[in-house]
Amino acid sequence: MKRHLRFKFFLIVAVILVCIYGIIGIPKSKADLVANWEKNIRLGLDLRGGTYLVVQVEQQDAFNQQASSDADRLKEVARKAGVQFSDIGVDEAKTLKDATKSAIEIKGVPTTQAGALRGIVNDQFTTWLLTPTNATDYRLTMRPTEALKFWQGVLAQTKNTIEKKINSLGLSEATVQQRREDADSELLVQLPGVDDPARVKQILQTAAVLEEYDVRGGPYQSREEALGQNGGILPAGTRIIGNSGMDSSGRGGGYYLASRTPVVRGPDLRDARAEQGQMPGAWNTWFALSQDAAKRFSAYTGSHIGQRLAIVLDGKVLEAPVIRGQISDNGVIEGAPTEQDAADLALNLKAGSLPASVQYEQEDTVGPSLGADSIRDGFAAGIAGVLAVIAAMLIYYKKSGINATLALILNAVILIACLSYFDAVLTLPGIAGIILTIGMAVDSNVLIFERIREELRTGKAVIPAVDTGFNKALLTIIDTHVTTVVSCAILFLFGSGPVKGFAVTLVIGLVANVFTAIFVSKFIFDWELTRPKPVRVLSI
Amino acid sequence: MEIFKQTNFDFLGKKWPFIIMSLVLTAAGLVSLALKGGPRYGIDFTGGALMDINFIKRPPAEAIRSALHKKIPGDIEVQEVREAGHSQEVLISTGVRNETVQGVREDIVSALNQGFNPGAGAQLDINSATQATLADRLRDPLQRAGVALSDEQLQSLAKGIVDYREAHSGLVASLDQLSGVPGLTPQVLTVLKQECFTGSFAVRRVEIVGPKIGADLRQQAVNVVLIALGAMLVYIAFRFEWIYGVAAVIAVFHDTIITIGLFSIFNKQIDLTVIAALLTLVGYSMNDTIVTFDRIRENLRLQRRGSFREIVNASINQTLSRTVLTSGLTFLTAISLFLFGGPVLNGFSFALVVGIIIGTYSSIFIASPILVFWQDVAEGRRRGARPPAGDNRLRTVPKMAKTAK
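Going down the list, the protein sequences come from chains P and G. So the first sequence is numbered by the working numbering: it starts at 1 and just counts up by one. So the second sequence is numbered by the working numbering: it starts at 1001 and just counts up by one.
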């Protein structure tokens, strides 16, 4: 009997030590202790302050873009292969739900050339599925497996780009993740310590696609003028770019007839940074091109001296300077109002553009002062609750109440240690879960003690009464705990955010409770009852 | 100390007043729900914007509303926070549409600025400045005033000021208050007074939920509750017998309906944390019911005499002491959460406080009578079919044969 108890004693001590180590490590000083505590007990955004953003990725943008670039490619390939058609266009997806339905429409292919068209599609456009809509028209839709791959790719790339942007803002603790497994177009961005997310939101949403086009004509005051000057139809391989708002020096807008494909595009950038302009207070964004692009660019500028080059950011013409000499690998975007604007642009240029635009669906910001208040409130409520419960137990169960109190405290310690070991984040609903665990822990003790009292009432001796009491209560405790664990499992599986945090803490608390209420509490009784001086009357 | 030694109340005989009370509460809740057009959902479920603004001195709600109306179309609700320690706070909520999710925060802040920080001019609001903007703002003026600070010192000064503000509920009422911040010499204070003013409010929390996510979360919450109830029913049916599972689920369903009804009557919002609380009280009430059922099962094995009804009644009496004590103690933790837990947990703890009371009596006056009622029906059916009945308890003796020694 005694040996059995000694084993239990060491087990319990070991658990306590492991738990304390998990919470505060091995502190060498008081400051160390606080530091370890803060490292191990990670607070959620609602307690430490921060911002939580849910972003919807507008997948249809990426699908439409892909369809449009493939349509362009198909036109060229078909022309080269001598396949006739009257038109190849894109039937764009309008909503997120229809994103994968973005299709390429091919019109007016003579029936004799249907086989040739099919051959081209099968050889060079393997991601697409060709279906005839009538004798001369066809429709290309993305194969379901390919569409799924593409979808995942867009999501991953968006996540990546957002991560890059956030990291370059110096928010190292920020995380980007998919919001829920079944919500495959939503990303959750968590920004600890950010209580005014305006700048972050702005940066995340800016596409920052920098392109430089070969200018064939212009500037013109309006789109109509540009068209009119060129005889009403656009020459092959050109497009009109530009916007209103050109100033007298030809900056900030104007319309141009430009090459269809850009000379330099976003991914060609190697580096970008803000730098001071020549005028005091003026800021520029400097950028450098990758090796490949630099070669191309220098060849192009060398052969087009005297012509204009349009610098376009997010579809807006910034300026169209005349090329004065061969330019190798870098350039400058002028005219940022402040240093931060120039730096933000550089950041966006470097991080690359998002494959699809993003929409904000949800924003939750907790200021640090409110977080501190919540910790204080939760702590006060917890302490008040525990003290009230302990007092009631001591009054009602006398010395056995001490036993219950020890079990209760150990329960809380194990719970906090588990949170630390599992790297769980403590949130406000989590604190509520802890407080509720305390309530459930008390219930176990009450069940056991009431049983022991009943057994004593029937005239049993102390030791058998305690044994029977524990055994009978055990079955009930298992039933009640398993039922709650079942509901917590459902909460965890199907719930989100706060509900999940609550479920995790409650489950850990319940498991710890089975250990403390049954194992530890029984041990304390046994220890007391097997002392040399026999106990005749139990203080319960 | 003992409250109940060996009681023998006839609970099943007194069930009617309680069942009637339950029906009245349920009806009142349903009427309130019907009149108000369903539960009052929090913005997590409807979509919308909610901002927690702390004022130095709270203006009347009407003034805030009219200031906001100049910029924000549609319904605006301004609610004064009443919890202790939050006496100057208001919660502002308004609906959003897909297009307005983006800028609603900025719109509200600028409307409030117009209304309650008039004549701010070019000065910086110390109650909304971040560490970086504050440091940037002070750099040149400090130099001009002849205070030489390294960039590090400047940042730590700005951090000191911001930390001080955050430690005081996010608000500095007057710049003189800051004189205790390390590095804030009278010279610096003079510069600070030139450059900054104390804005009358601070944004403590912003929650914006787009309409799509709102609908999503609502659907999800309903699913979670239903699945959780189903899972518990299956588990209890497996451990006892199916009628026990049905009785337990009816009892907790009754608790949930009444609690939601009370939320409607008291005009409280149902948000995600309240759903967590509802699930907690479901678990809690289930707990209570299972403890009683457990005793019934045990007694059915031991006691061979007495009708089913008498055994149920005896079981309730035997567990009464535990029921009252546990409920009382859990109630203590819930009420401390309600009193000290702050405004964020208010809905949560309200649901618990109400739920514990209802959950406790539902296991005695709802779940147990259902068992007896079912037994009577089953018995009547059997008697009609094949009289005389044998052991009329057999049908409701739960499967688990194992009892404690």
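None of these hints come from the bench; they were simulated from the model. Warning: the hint list may mix true and false statements.
Said to hold, decoys possible - Simulated crosslink set (DSSO-like; lysine-lysine; CA at most 30 Å straight-line): (1) G:LYS1212 to P:LYS149; (2) G:LYS1268 to P:LYS399; (3) G:LYS1005 to P:LYS460; (4) P:LYS500 to G:LYS1005; (5) P:LYS164 to G:LYS1268; (6) P:LYS101 to G:LYS1005; (7) G:LYS1159 to P:LYS39; (8) G:LYS1159 to P:LYS30; (9) P:LYS97 to G:LYS1159; (10) G:LYS1159 to P:LYS398; (11) P:LYS159 to G:LYS1070; (12) G:LYS1212 to P:LYS500; (13) P:LYS94 to G:LYS1212.
Unmet hints by their number, sorted upward, for this structure: 2, 4, 5, 6, 9, 10 and 11
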